[in-house]
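> In order, the protein sequences belong to chains D and E. Per the numbering used here, the first sequence runs over residues 1 to 111. Per the numbering used here, the second sequence runs over residues 112 to 227.
Read the hints as simulated data drawn from the structure, not as lab findings. Misleading hints may appear alongside valid ones.
[To be verified] Every beta carbon over 12 Å from chain D, so not counted as near; a handful from chain E, in silico: (1) D141; (2) Q152; (3) R155; (4) Q161; (5) N164; (6) G174; (7) S205; (8) N220.
[Claimed, not checked] In the DSBU-like style, the derived pairs of lysine-lysine whose C-alpha atoms are separated by at most 30 Å in a straight line are: (9) K98/D x K15/D; (10) K9/D x K182/E; (11) K125/E x K22/D; (12) K65/D x K22/D.
[Said to hold, decoys possible] Residues from chain E shown here face chain D by an in silico Cβ test under 8 Å; the list is partial: (13) F123; (14) H140; (15) Y144; (16) G151; (17) G153; (18) L154; (19) L216.
Heads up, the beta-carbon is just placed ideally off N, CA and C, and yes, glycines get one too.
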Amino acid sequence: AQRVTQPEKLLSVFKGAPVELKCNYSYSGSPELFWYVQYSRQRLQLLLRHISRESIKGFTADLNKGETSFHLKKPFAQEEDSAMYYCALAGHSGGYQKVTFGTGTKLQVIP
Amino acid sequence: DGGITQSPKYLFRKEGQNVTLSCEQNLNHDAMYWYRQDPGQGLRLIYYSQIVNDFQKGDIAEGYSVSREKKESFPLTVTSAQKNPTAFYLCASSIPRAFTGESPLHFGNGTRLTVT
Numbered sequence: 001a002q003r004v005t006q007p008e009k010l011l012s013v014f015k016g017a018p019v020e021l022k023c024n025y026s027y028s029g030s031p032e033l034f035w036y037v038q039y040s041r042q043r044l045q046l047l048l049r050h051i052s053r054e055s056i057k058g059f060t061a062d063l064n065k066g067e068t069s070f071h072l073k074k075p076f077a078q079e080e081d082s083a084m085y086y087c088a089l090a091g092h093s094g095g096y097q098k099v100t101f102g103t104g105t106k107l108q109v110i111p
Numbered sequence: 112d113g114g115i116t117q118s119p120k121y122l123f124r125k126e127g128q129n130v131t132l133s134c135e136q137n138l139n140h141d142a143m144y145w146y147r148q149d150p151g152q153g154l155r156l157i158y159y160s161q162i163v164n165d166f167q168k169g170d171i172a173e174g175y176s177v178s179r180e181k182k183e184s185f186p187l188t189v190t191s192a193q194k195n196p197t198a199f200y201l202c203a204s205s206i207p208r209a210f211t212g213e214s215p216l217h218f219g220n221g222t223r224l225t226v227t
């Protein structure tokens, strides 16, 4: 079984403050992890993926297999970062790829 | 705004009626997914399909059915057996890269179903 946990439903930070959105996972194999973002009135879209080790819009996320975590971080929050963020895990079972999402964290950046 | 198209955007049905939600993609993706999005519960997987004529139950498949007769299309039927059908439904597709690489999902705009 695969599971993704996002413990915070809402995270409020002031503009310019650091941001960390937590994500923990449970999966017996080698996971593929992603962060997706949903801005107001827009469709859900990919923000970043662990395999690329990239920084998108100033966000980074490091896979920590020991802690089974994939926290999303940004050093200085911007107002335009306010959105709903979902952590997702792509697992493989019997030749099928199954993608499981966490419950999401709403990030609110206060001006 | 191509890619994945879900229709209609809003759908209203009476309790006891089956209803089918449309999902079409022109991305040539093999894999397609249906999720249900409820406040506080995130996205929950209903059904997914890797290839034509094959699909798997997700975590909350009860009361739903799907078909995958064409690569481009993955319609979802919400049956009268679904106890709480009012929700926002999202369709997604991807190129599954079995066991290697990344395989991000591309989402549609969703269909909001209201059953009264």
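> If a hint holds in the structure, say so; if it doesn't, say that too.
Against the structure, the hints come out as follows:
1. D141: The claim is violated: D141/E sits with its nearest Cβ about 10 Å from chain D, within 12 Å.
2. Q152: violated, 6 Å
3. R155: At roughly 8 Å from the nearest Cβ of chain D, R155/E sits no farther out than 12 Å, so the non-interface label is violated.
4. Q161: violated, 6 Å
5. N164: holds, 14 Å
6. G174: holds, 20 Å
7. S205: violated, 8 Å
8. N220: Contrary to the label, N220/E does not stay out of reach of chain D, its closest Cβ about 5 Å off (not over 12 Å).
9. K98/D x K15/D: violated, 36 Å
10. K9/D x K182/E: Not satisfied, since the Cα-Cα distance of roughly 36 Å exceeds 30 Å.
11. K125/E x K22/D: Status violated; Cα separation ~40 Å.
12. K65/D x K22/D: holds, 14 Å
13. F123: violated, 21 Å
14. H140: violated, 12 Å
15. Y144: Result: holds, 6 Å to nearest chain D Cβ.
16. G151: This interface hint holds because 7 Å falls under the 8 Å limit.
17. G153: holds, 4 Å
18. L154: holds, 4 Å
19. L216: holds, 6 Å
Consistency note: the structure conflicts with the earlier hints numbered 1, 2, 3, 4, 7, 8, 9, 10, 11, 13, 14.
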